[in-house]
Amino acid sequence: MANKSNANAGAPPGGLGVKPWVLIVPIVLIGLVFLPSAAVICAGMLPTLVARLVDTSPGRRFSITVGSLNLVGCLYFLNRIWAAGHGISDIQTVLGDSYGWLAALSGAGAGWVIFGAMPVIVAKIADTQTALRLRRITGDQERLAKDWGEAVRGVYGVKVAPKDQSGE
Amino acid sequence: MAVLSVKEAVELGERYEIAPSQRLPAFDSGMAEAYAATDRVDASRKVIALISPGHLAIRGLSIAPTRNAAGAYLMWPLASGIVDWPVGVEGNDVLWGRRPAFIYSIPSGERLMWANKQIPQMSESQLIKSFIQPAIQILRDLILIGCPHRAIRPQNIYFQNGNSGDLMFGDCLASPPGTGQPASCETVDNAISDPVGRGVGSVADDLYAIGATAIMLFLGRYPVANLNEEQIINAKINMGSFSTLAGGEKLAPSLAELFRGLLCDKIADRWTIKQLEGWMTGAHFNPTLPSIPQRASRPLKFSGGEFLNKPALAHAMSRHWNEAIALIADGDFDNWFKRGFGDEKAADKMLRIVGLANAYGAQSGIRDRTVSRYIILMGGNLPICYKDIRTSLMGLGSMLSHYFERSERVQQIAELMNARLPHAWLEEQPNLRPDQMQLRRSLEIIDKVIDRAAPGYGIERVLYELDRGTPCKSALIADYYVVNSADLLPAIDAAIPGAPHGTLPMDRHIAAFIAVNMKRSMDNELIGLANKDDDIAYRTAILRLLAIVQRVHQQYDLPRLSQVVVEMLEPVIVAFHNAGMRDHIRGQIDTHAHGCRFDEMLLLLDGDGSLRRADTDGFAQAMLEYAGLERGRAWLANGGLTETSRVRGIAQRAAAVTATLTSSACLAAYGVVAALF
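Residue numbers (our numbering), protein chains in the order written: chain A, 65 to 232; chain B, 68 to 744.
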């Protein structure tokens with residue numbers, strides 16, 4: 065608990081800047097008012113709960129990614145509960161719909177996949193960006209050398225001869 | 068100067084033509100050689116040209132135009148100037164340089180004395196009318212223009228017509244003063260000096276020469292014909308000049324008075340021109356006693372002779388240097404000097420000489436310097452003597468100039484200067500002439516520059532400081548007889564095509580010549596020449612010196628020099644870092660080269676100029692920029708963008724953002740659809 069407190073205390077000041085209960089209390093109240101909807105969503109968002117438990121990323125980005133798309137998948141449950149009249153008795157029926165679970169789990173799975181694939185994509189982009197920047201730097205350096213002579217390279221102008229040329 | 072088979076005539080002005088292939092040795096005057104010449108305006112007039120040596124200062128160039136050639140008693144140039152002159156051959160081509168030339172009318176009478184030393188005898192009245200009176204008149208004329216004749220000798224005097232009658236004094240301008248004078252017609256101090264080291268002298272020297280010549284004319288013979296120069300000088304020192312030249316002849320009292328007065332060896336007692344004029348009008352003066360040096364109580368044996376006075380010994384020591392070195396180490400000389408003259412301070416003087424000889428100059432030359440200082444002390448007004456050098460103070464410049472190609476003589480003069488022997492000589496003189504006092508100031512400058520090795524200093528600077536009229540001896544322009552800075556750039560312009568490719572228009576002589584002949588101090592401008600390893604500063608310094616000379620004389624028609632300067636400046640331009648600036652400067656230099664504007668070129672290339680500063684500052688900025696780019700490259704190469712944790716962080720943020728945006732879009736779409744249907 066102490067560690068957790070410390071972690072919270074060390075959180076960056078760029079958040080919403082509100083106490084957690086300010087959000088939790090209205091949500092709980094809304095959940096109580098729309099209890100059937102809240103129940104099916106809570107059930108459908110179980111993959112997000114799992115993701116939250118295994119999430120080690122800073123800022124809980126994995127949970128956010130999975131949760132966002134999991135929520136989209138839960139829209140099927142939500143639509144069904146509302147279509148069924150939004151009664152407490154409808155909860156069991158709705159949660160028994162395998163298509164609903166398929167939608168919810170698919171959403172969560174999509175989030176999982178996006179989170180897993182994104183580093184590969186970003187790495188590829190970074191590689192390309194690096195190549196472009198190196199090319200621009202080389203161009204700028206050659207322009208400087210052309211304008212000011214080889215001496216402008218200074219200590220960086222020393223070329224290391226390849227081993228086969230240096231006779232070693 | 069060898070006679071070259073040059074067919075074309077050389078022009079002096081627009082009136083006179085000189086034939087370089089037609090030598091007339093009978094009319095040679097001192098060091099000047101005579102050549103046939105013609106007068107284009109008056110072809111019937113018989114004229115000759117005297118061509119002066121090209122390595123010495125010739126005062127006649129500046130003096131000749133100050134007086135016209137009228138008057139029958141003195142040969143005076145009809146025209147003078149520096150002419151183109153063949154100075155050598157290379158294969159079949161004649162090499163042309165420039166030489167001082169003087170046009171004279173050919174004397175219609177015979178020379179007074181030829182090489183056979185036969186002199187016509189004159190009676191007292193003849194002597195006065197034909198020789199003394201004309202001599203007074205020409206001396207008066209020459210005093211007005213500040214020019215002692217310094218060539219009065221029987222060999223340089225002509226009859227105005229035939230071989231009798233009035234006389235006419237020969238040329239005195241085409242050779243350095245006193246160079247052609249025999250020992251018999253020169254004072255003791257001048258006679259001991261090397262002929263080129265006698266200096267300009269004064270009217271007192273002319274009066275002495277008049278006395279010597281007059282006594283020969285009266286006697287009708289050359290009284291010292293059987294003596295060599297050293298014997299003549301010894302006789303003059305030991306017996307006095309009058310006794311030496313009179314040779315025991317009985318003279319009329321009035322003439323004896325004249326000759327004693329003019330031939331007085333002590334310059335302060337020698338007759339002046341006023342006394343001579345007074346004598347002509349019948350005035351009588353107290354008899355001038357011969358100034359015989361103090362006799363020692365016993366003779367001193369030296370070099371096979373016995374010496375009873377200091378000047379005679381000093382003269383002998385100057386001619387037998389190695390024996391003199393041995394002499395001063397000998398106790399006999401010590402005793403003779405200390406006890407022979409009753410001088411109580413002799414021992415102090417000897418100690419002082421040894422002390423000063425030790426104080427100035429290299430350790431190896433102490434004995435030479437000691438001998439030299441003894442000669443100065445014993446000789447009084449005898450010339451400065453050091454090893455092979457025997458020169459008057461005022462003749463040091465022409466002496467150095469004459470022997471400049473002989474390194475051992477140059478070395479001796481340098482040692483002489485470093486030993487402060489001229490200062491020692493000045494201290495021994497009871498009176499100094501104004502020109503000697505002026506040289507004293509030059510000596511102070513010389514003391515500061517002689518040991519400096521950089522161009523513009525050293526022995527070359529000494530050469531031009533000692534005699535301002537000395538022609539520049541640069542290998543590039545030595546043949547062009549450049550004696551003032553106005554002629555320097557045109558001479559370089561003319562000489563540069565014949566020089567090997569890559570020759571720079573500057574050397575030690577040109578730098579020293581400029582340093583001496585510019586009115587202001589050039590020390591700051593010479594700094595850049597000091598370090599030849601710094602090629603850029605060296606070449607820029609050359610340009611700066613040329614630009615200064617050009618600005619002073621406003622000479623802008625120097626196309627060949629300009630081209631060479633452009634080539635010389637290429638490394639300076641290349642030293643600019645910025646390629647664009649280099650191209651700009653090259654264009655500007657080419658533009659200025661067409662107008663031969665060295666000062667404009669200097670503004671572009673000056674180390675302190677705006678372009679140079681902009682280039683230096685810009686280069687420093689560019690280096691910083693390059694280094695910054697290089698650091699950026701290293702960061703990228705070391706995975707600045709692809710570093711795993713960074714990529715993961717970005718990817719996670721991107722995934723969260725993507726999912727959140729997708730979710731928001733879907734919720735919004737659902738809400739819209741739910742609301743509508």
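Some hints could be false.
[Unchecked claim] Non-contacting residues of chain B with respect to chain A, defined by C-beta distances greater than 10 Å in every case (computed): (1) Asp233; (2) Gly315; (3) Asp624; (4) Glu692; (5) Arg713.
[Said to hold, decoys possible] DEER-style ranges, computed between Cβ atoms: (6) Arg627/B - Ala215/A: 49 to 57 Å; (7) Arg124/A - Val739/B: 48 to 56 Å; (8) Gln688/B - Ile185/A: 50 to 58 Å; (9) Glu634/B - Arg199/A: 35 to 43 Å; (10) Pro132/B - Ala215/A: 42 to 50 Å; (11) Arg124/A - Arg713/B: 16 to 24 Å; (12) Ala215/A - Glu81/B: 55 to 63 Å; (13) Ile185/A - Gly695/B: 47 to 55 Å; (14) Ile185/A - Gly676/B: 54 to 62 Å; (15) Phe744/B - Leu169/A: 24 to 32 Å.
[What the hints assert, rightly or not] So the derived list for chain A, only partly shown, Cβ under 10 Å to chain B, looks like this: (16) Val114; (17) Gly123; (18) Ser132; (19) Leu198; (20) Trp212; (21) Ala215.
I should point out that these hints are in silico values taken from the structure, not numbers from a laboratory.
Fair warning: this is a prediction, and the values are worked out from it, not measured in the lab.
Even for Gly, the Cβ is constructed at its ideal location relative to N, Cα and C.
Tested hints:
no. : hint                            : in the structure
1   : Asp233                          : 81 Å, holds
2   : Gly315                          : 88 Å, holds
3   : Asp624                          : 37 Å, holds
4   : Glu692                          : 6 Å, violated
5   : Arg713                          : 8 Å, violated
6   : Arg627/B - Ala215/A: 49 to 57 Å : 34 Å, violated
7   : Arg124/A - Val739/B: 48 to 56 Å : 29 Å, violated
8   : Gln688/B - Ile185/A: 50 to 58 Å : 40 Å, violated
9   : Glu634/B - Arg199/A: 35 to 43 Å : 42 Å, holds
10  : Pro132/B - Ala215/A: 42 to 50 Å : 58 Å, violated
11  : Arg124/A - Arg713/B: 16 to 24 Å : 19 Å, holds
12  : Ala215/A - Glu81/B: 55 to 63 Å  : 59 Å, holds
13  : Ile185/A - Gly695/B: 47 to 55 Å : 31 Å, violated
14  : Ile185/A - Gly676/B: 54 to 62 Å : 57 Å, holds
15  : Phe744/B - Leu169/A: 24 to 32 Å : 26 Å, holds
16  : Val114                          : 16 Å, violated
17  : Gly123                          : 7 Å, holds
18  : Ser132                          : 4 Å, holds
19  : Leu198                          : 5 Å, holds
20  : Trp212                          : 5 Å, holds
21  : Ala215                          : 7 Å, holds
Hint violations for this structure: numbers 4, 5, 6, 7, 8, 10, 13, 16, all remaining hints satisfied.
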